[in-house]
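Spelled out from the first residue to the last, the chains are:
2 protein chains.
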Amino acid sequence: MEPLIVIDGEVGGLLDARDRGLAYGHGVFETMKLVAGQLPLWRYHEARLIQGLTTLGIPWDPVAVNSTLVKLLSLCSDRGVVKLTVTAGVSGRGYTIPDSLTPTIIAQCLPPAPSQQTLRLQISDYRLPLNPVLAGLKHLNRLDQVMASRNVAAGFLPLLLDAQDRVVEALSHNIFVYHGGRWLTPDLLSCGVAGVMRALLLKEVFPAVGLDAEVCTLDIDSLRGADELFVCNSIMGVQSVSEVADLNTYRKGRATELIRRQLARMYPCFSV
Amino acid sequence: MEPLIVIDGEVGGLLDARDRGLAYGHGVFETMKLVAGQLPLWRYHEARLIQGLTTLGIPWDPVAVNSTLVKLLSLCSDRGVVKLTVTAGVSGRGYTIPDSLTPTIIAQCLPPAPSQQTLRLQISDYRLPLNPVLAGLKHLNRLDQVMASRNVAAGFLPLLLDAQDRVVEALSHNIFVYHGGRWLTPDLLSCGVAGVMRALLLKEVFPAVGLDAEVCTLDIDSLRGADELFVCNSIMGVQSVSEVADLNTYRKGRATELIRRQLARMYPCFSV
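Chain order of the listed sequences is A and B.
Each residue of the first sequence is one higher than the one before, starting from 0 at the first, in numbering that gives the first Met the number 0.
Each residue of the second sequence is one higher than the one before, starting from 0 at the first, in numbering that gives the first Met the number 0.
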């Protein structure tokens, strides 16, 4: 089945091959949960989108983005996943950002992600390069994730370390570690994508249950000694991790359940 | 004027928006000098293309690439620049490389690059992240180059250092330094693009004049103390550098002229 795609307000999935999104990955994207025809985490996605576009020197055009999303939502089914991509648009040859850019806005409707069981992780051999300028952004330069997903056993989600062997993320998920009675999550100051669900948990869910999670550097030993682990993203919510291959196994514990239940209470679309 | 573009053997510049080249930058490209309807450096470009595709897990299909290039060359003017992009093609959501890929092959004809005077460089504030797995390849994740081209004064070409302040390249050029009677060029083991002209100079031109260039790490002090500098790429050939802003100025010297003249002798398309 052909997916529904809207580009710059018009239905159709064909893009100008000269787009800087293709040439250089000069753009950002968001993958968003669609529930009852709405994007419940839109304000978080929008905030990250604006931050990414600003860093990459691409103008933010809320009217154009809105009209493309409205068009898509008027035509697609009322639940699933919406992928929104905003690029720097078409330009001539050369890396230098032209004075005048007309961004390309691409919105695509995808079926709901299959719900998954508890996850198992495996440490990828590929190390994320350190890049403090682009760290946290969901830009279109994602070869790191493509490379990191290779050579991981079937049924395992890659766990990504950085060039200094610090824990960063689990491919398309952020990671939270329950260790010695405290929740910890990597700071993502040097690499990784700062996920929307991570932001929401830190800002709304942990405080709502009277906890906070420490945003810090996290080494493998913290993971080895952890009592519980979960990963999260804006599509799947909170998912327990039962194992990091060759490192440790984890119980599906009460600390994770408390966070997951509170998320479901505040955002019912994440009730299982 | 609309440029001539051929995609997968068909004339037309529209691409499926689900292409992994756009989604993740999962692909490589070559920018090639077109002279008298030929691509004189094709065997170098082809070698780098194959190396990049292999690293990125994309099948190399010489028949498909050839037929797209032949189609383009049959329609475009007989001199200028040909840009060839090969991506991993369309896939569903997710970073993981599907078992079966159908690469997308995009060839585009561009006008000849304007010939430039001696160049002036300015050190960019942006530092290239270290990535030994992808170093040297001309892949589509080029946000580093886009970011490095910002905040450089008009008329200057950005000089790129890595995260450890070593000299890497000059945006879309490699760099050669004449220092204490020896030619030096960065090893590009941790970052940077290993240019086709750099390979050709090292393999053919330096040996033809009885010299060799040392491929090594290069710090700012080597640049400060250099007698001559040149940058090179497969479109412009060898270009003298007269200045690195706030560092030093350089004469247009005999050592560079020897290399430039030998290149023009072996590849007449690079005679000025």
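The hints are simulated quantities; they were obtained by calculation from the structure and are not laboratory data.
Honestly, I wouldn't trust all of these hints.
Which copy? The list can't say, so a pair holds if one copy fits it or any two copies do.
[Said to hold, decoys possible] Straight line, CA to CA, 25 Å or less: simulated SDA-like cross-link-like pairs of lysine to any residue:
hint: 1; residue 1: Lys-251; residue 2: Pro-61
hint: 2; residue 1: Lys-82; residue 2: Asp-98
hint: 3; residue 1: Lys-82; residue 2: Ala-162
hint: 4; residue 1: Lys-82; residue 2: Arg-92
hint: 5; residue 1: Lys-251; residue 2: Met-265
hint: 6; residue 1: Lys-70; residue 2: Gly-224
hint: 7; residue 1: Lys-70; residue 2: Gln-116
hint: 8; residue 1: Lys-82; residue 2: Ala-35
hint: 9; residue 1: Lys-70; residue 2: Arg-92
hint: 10; residue 1: Lys-202; residue 2: Val-10
hint: 11; residue 1: Lys-137; residue 2: Gly-209
hint: 12; residue 1: Lys-202; residue 2: Met-265
Status of the hints after comparison with the structure:
1. Neither within a single protomer nor between protomers do Lys-251 and Pro-61 lie at most 25 Å apart by alpha-carbon distance, with minima of 42 Å and 51 Å respectively.
2. With identical chains, the CA atoms of Lys-82 and Asp-98 are at most 25 Å apart between copies only, with a shortest distance of 23 Å across copies and 28 Å within one.
3. When the C-alpha separation of Lys-82 and Ala-162 is checked against a cutoff of 25 Å, the pair qualifies neither within a copy, at 30 Å, nor between copies, at 33 Å.
4. When the C-alpha separation of Lys-82 and Arg-92 is checked against a cutoff of 25 Å, the pair qualifies only between copies, where the shortest distance is 9 Å, while the shortest distance within a copy is 27 Å.
5. Taking the shortest alpha-carbon separations for Lys-251 and Met-265, only the intra-copy value of 21 Å comes in at or below 25 Å, while the best inter-copy value is 68 Å.
6. For the identical chains of this complex, Lys-70 and Gly-224 are neighbours neither inside a copy (49 Å) nor across copies (60 Å), given an alpha-carbon limit of 25 Å.
7. Taking identical chains as interchangeable, the C-alpha atoms of Lys-70 and Gln-116 are never at most 25 Å apart, the minima being 34 Å within one chain and 50 Å between chains.
8. Only within a single protomer do Lys-82 and Ala-35 lie at most 25 Å apart by alpha-carbon distance; the minimum there is 16 Å, versus 45 Å between protomers.
9. Proximity of Lys-70 to Arg-92 under the C-alpha cut-off of 25 Å is restricted to the inter-copy arrangement: shortest distance 21 Å between copies versus 32 Å within a copy.
10. Within a single copy, Lys-202 and Val-10 get their C-alpha atoms no closer than 36 Å, and across copies no closer than 51 Å, so neither meets the 25 Å cut-off.
11. Within a single copy, Lys-137 and Gly-209 get their C-alpha atoms no closer than 30 Å, and across copies no closer than 49 Å, so neither meets the 25 Å cut-off.
12. Proximity of Lys-202 to Met-265 under the C-alpha cut-off of 25 Å is restricted to the intra-copy arrangement: shortest distance 12 Å within a copy versus 64 Å between copies.
Going down the numbered hints, you'll see the structure goes against 1, 3, 6, 7, 10 and 11, while the others check out.
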